[in-house]
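Take the given structure of chain A and dock chain B to it, following the hints.
Protein chains: 2
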Amino acid sequence: MEVQGVMAVDLYALVNSQEKEEKAYLEELLKDNVYIQGWVRTNRDNGSIGFIALNDGTCFKNVQLVYDNSIPNHDVLSHVNTGAALNVVGRLVLTPQAKQPFEIRVVDFEVEGDVASDYPLQKKAHSLEFLRDIAHLRPRANTFNAVFRMRNAMAMAIHEYFQQNGFMYVHTPLITGNDAEGAGSTFNVTTNDKDPNSFFGKPVSLTVSGQLHVEAFALAFRDVYTFGPTFRAEHSNTVRHASEFWMIEPELAFADLNDDMDCIEGCIKHCINVALHECPDEMDFFNNFIDKGLKERLHAVLHSEFKRMTYTEAIEELQKAVKNGHKFENSDIKWGMDLQSEHERYITEQVIKGPVFLIDYPKEIKAFYMRLNEDGKTVAACDLLVPHVGELVGGSQREERYDVLKEKMEKAGCLKGLEWYLDLRKYGGCKHAGFGIGFDRLLMYVTGINNIRDVQPFPRTSDPIKY
Amino acid sequence: MEVQGVMAVDLYALVNSQEKEEKAYLEELLKDNVYIQGWVRTNRDNGSIGFIALNDGTCFKNVQLVYDNSIPNHDVLSHVNTGAALNVVGRLVLTPQAKQPFEIRVVDFEVEGDVASDYPLQKKAHSLEFLRDIAHLRPRANTFNAVFRMRNAMAMAIHEYFQQNGFMYVHTPLITGNDAEGAGSTFNVTTNDKDPNSFFGKPVSLTVSGQLHVEAFALAFRDVYTFGPTFRAEHSNTVRHASEFWMIEPELAFADLNDDMDCIEGCIKHCINVALHECPDEMDFFNNFIDKGLKERLHAVLHSEFKRMTYTEAIEELQKAVKNGHKFENSDIKWGMDLQSEHERYITEQVIKGPVFLIDYPKEIKAFYMRLNEDGKTVAACDLLVPHVGELVGGSQREERYDVLKEKMEKAGCLKGLEWYLDLRKYGGCKHAGFGIGFDRLLMYVTGINNIRDVQPFPRTSDPIKY
Chain A
1 MEVQGVMAVD LYALVNSQEK EEKAYLEELL KDNVYIQGWV RTNRDNGSIG
51 FIALNDGTCF KNVQLVYDNS IPNHDVLSHV NTGAALNVVG RLVLTPQAKQ
101 PFEIRVVDFE VEGDVASDYP LQKKAHSLEF LRDIAHLRPR ANTFNAVFRM
151 RNAMAMAIHE YFQQNGFMYV HTPLITGNDA EGAGSTFNVT TNDKDPNSFF
201 GKPVSLTVSG QLHVEAFALA FRDVYTFGPT FRAEHSNTVR HASEFWMIEP
251 ELAFADLNDD MDCIEGCIKH CINVALHECP DEMDFFNNFI DKGLKERLHA
301 VLHSEFKRMT YTEAIEELQK AVKNGHKFEN SDIKWGMDLQ SEHERYITEQ
351 VIKGPVFLID YPKEIKAFYM RLNEDGKTVA ACDLLVPHVG ELVGGSQREE
401 RYDVLKEKME KAGCLKGLEW YLDLRKYGGC KHAGFGIGFD RLLMYVTGIN
451 NIRDVQPFPR TSDPIKY
Chain B
1 MEVQGVMAVD LYALVNSQEK EEKAYLEELL KDNVYIQGWV RTNRDNGSIG
51 FIALNDGTCF KNVQLVYDNS IPNHDVLSHV NTGAALNVVG RLVLTPQAKQ
101 PFEIRVVDFE VEGDVASDYP LQKKAHSLEF LRDIAHLRPR ANTFNAVFRM
151 RNAMAMAIHE YFQQNGFMYV HTPLITGNDA EGAGSTFNVT TNDKDPNSFF
201 GKPVSLTVSG QLHVEAFALA FRDVYTFGPT FRAEHSNTVR HASEFWMIEP
251 ELAFADLNDD MDCIEGCIKH CINVALHECP DEMDFFNNFI DKGLKERLHA
301 VLHSEFKRMT YTEAIEELQK AVKNGHKFEN SDIKWGMDLQ SEHERYITEQ
351 VIKGPVFLID YPKEIKAFYM RLNEDGKTVA ACDLLVPHVG ELVGGSQREE
401 RYDVLKEKME KAGCLKGLEW YLDLRKYGGC KHAGFGIGFD RLLMYVTGIN
451 NIRDVQPFPR TSDPIKY
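Residue numbers (the working numbering), protein chains in the order written: chain A, 1 to 467; chain B, 1 to 467.
Simulated from the structure, these hints should not be mistaken for lab results. Hints are supplied without guarantee of correctness; some may be wrong.
Since the list can't tell identical chains apart, any single copy or any two copies may satisfy a pair.
[To be verified] Each computed PhoX-like pair below joins lysine-lysine, with the alpha-carbon atoms no more than 25 Å apart:
no., residue 1, residue 2
1, K292, K408
2, K377, K194
3, K194, K124
4, K124, K426
5, K363, K202
6, K408, K466
7, K353, K320
8, K426, K123
9, K366, K377
10, K269, K295
11, K61, K99
12, K408, K366
13, K411, K466
14, K431, K61
So here's chain A without its partners, still in its complex pose (with noise of 0.2 Å):
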């Protein structure tokens, strides 16, 4: 008898599939046995009777195995606990009636892997923060497993939305003599030489961003973007920020703020998409138990044009609000000053009530590379705010002439090290533009999820190592 191998993920598409292939396929696999492997979630059996839901880690729906006492070592397979690993043989059986479009019923099965009675992943729920302390044990949660598939999901949306508008993906490096936001936060990078610059020639450390690099290869590639990690070394025990975290930096050759702008609402539209209707099952669950009106946010996003102010008409609009009443925790709103998350979530949801780009910043609240506009006073810089959330990208035209940027620098104090950067300038330079998506916070803002703890495989963030 040969045993057709099969994945919950596959049986729940073939039941669903109106293909002439695939219920062909379907038909088979009714008349002979299945053979399927996964990790038990429950078990309960009323003596003759039994149900396991088994998941096999291939999607987030479990498979029902049904078994009754006539199977060989019947008692084995009821004692079997929560988190062990089993290889099952048994009869594939469509239950259109039931919950659950099929079931398997077993026929044989092989304990593959025993679980321990100390197993810390019981039947019962457990607090994320419970969880957090068993990080490597933590993906088997349902919570953790819709978390992580779709982490997977948006990463490979991010890619698909760049590869399809014709970006090249480039892997800039980690190790850096640099530091495009200025010094101060970030990670040295030592050997055990007595020498601290004996490996690389001089100090260096963990790369904060990789635009600098990133824009190199714009001018020579056209569109670009790096996916890779950054590295962030402040002690800031909040939700939010994390030492290690994965970025997106694109870059645009040929484009100026309002192209960068449509990239960037092109990118989380797509994102958003990807997550409502390739992720339906995680969404569900992220909406049932995680955050009620998630779906329904994300809907509005989707179909919403993300609108456009600038920082001065931001500025008027908080002025207004606390001439009318009402209260910031900073209430001293003026000109020039740095907007916090709680200035940031009152002009998305008060004001425009969806999403918004504040553009033309102050440009001694912004980095020394964004383009100086006409005025003088601001700089081409674009922050994308979100109700709920606040801010969720960062972008901004870059400063293309040598002149300018020569005398930007020169002020900042980072030119030495850097002449290259100015190089690009010299050397068929041209109107260009980027932005950076925090992809942790990305996920948070799809999943609702609201610890960044909690939607890293295993944080890294101002907490103690203990994976």
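Chain B only, in chain A's frame:
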């Protein structure tokens, strides 16, 4: 007049397309002026007619611009230098009799970004060594144009292969408190705090492998893979060693060494297939200018079955070779020795004449997590050897038996801090296997480039860091 913006990659696709819609679109383009932006590669003008090879970054090939002295500012265009960025309006004309299938006859232009006269990338050919010193400009040279396009294509080929086969992408951490291969050659990560343990609660380093972490995910999601940067602090000044490089580490649950090798073979063949069929211009370039035998060699691998041979058989073959007069640098061939590159290449090039997996290595020369074979002397490891390169991929079935693994970890002195890894064998463990592919070396293999410094955007080796 509406002028349609065009890109080289689309024009080359359009003129070769047989699709009705695309042919119609091309007809439209031919009726009116088009707009293209890019960088001058060469410019020659005989006074009455001039030719510019323009590369717009969207594909390997240049676009031919033709201009005569009737255009406005003819003098400016005829003196535009290699490297300058141009905005061009012109007529698209098909030239089926010429070397290139179309050209653009310049109607008007603008110099978007001029180029200083000390531009280091003049028309003449430059050595790879010279170009390495201008890493910010070398993406504009033909070799690196081809290399970094291929790097993008191979990165996508990797994702494609694993996603299509149901693997889930996992971001394992880069900052780590442990170490897969034994201590020594890692970079330390520190902050400027006085106490080196203050940030993460213990000394941490940059990861040498995501394998241990990703195993935890395989035991929840079945088939998973990492694809991210890894690090080695070795002072190995060779053409094949880098301090920072990208690695692919798949892990397969419910899988043994044979499943592992099937997956490796499928993955490598998929990558070669993508290189040969989706990057024909780049492959022609490599085959003509970098490595004459490249395409033939890759075609041969694509169509050959990967053989399998035990380490013990390989030792016998090497001993036979020595007996027959073959000279190795190390000709003292003994069971238990670690094979050198010369030995590996002899096996794959002279004995097998094709790709071969060596399996079942002595346990003493392999890592603690590899599964002990029934003979008690060897472990279920495999190295894929390929002609011209030697080892390309290394993998193994993992030790899934709790007691055996515990003993091996105690012996290796690595149990402390890795109790969680041992835990995975206690809570629903299963037979599993995985492998690692050095992405940069894979790229060297498919391009024929023989120095790892020439396949990384900004190389990180034991050389001083300039960028």
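Broken hints, numbered, in rising order? 1, 2, 3 and 5
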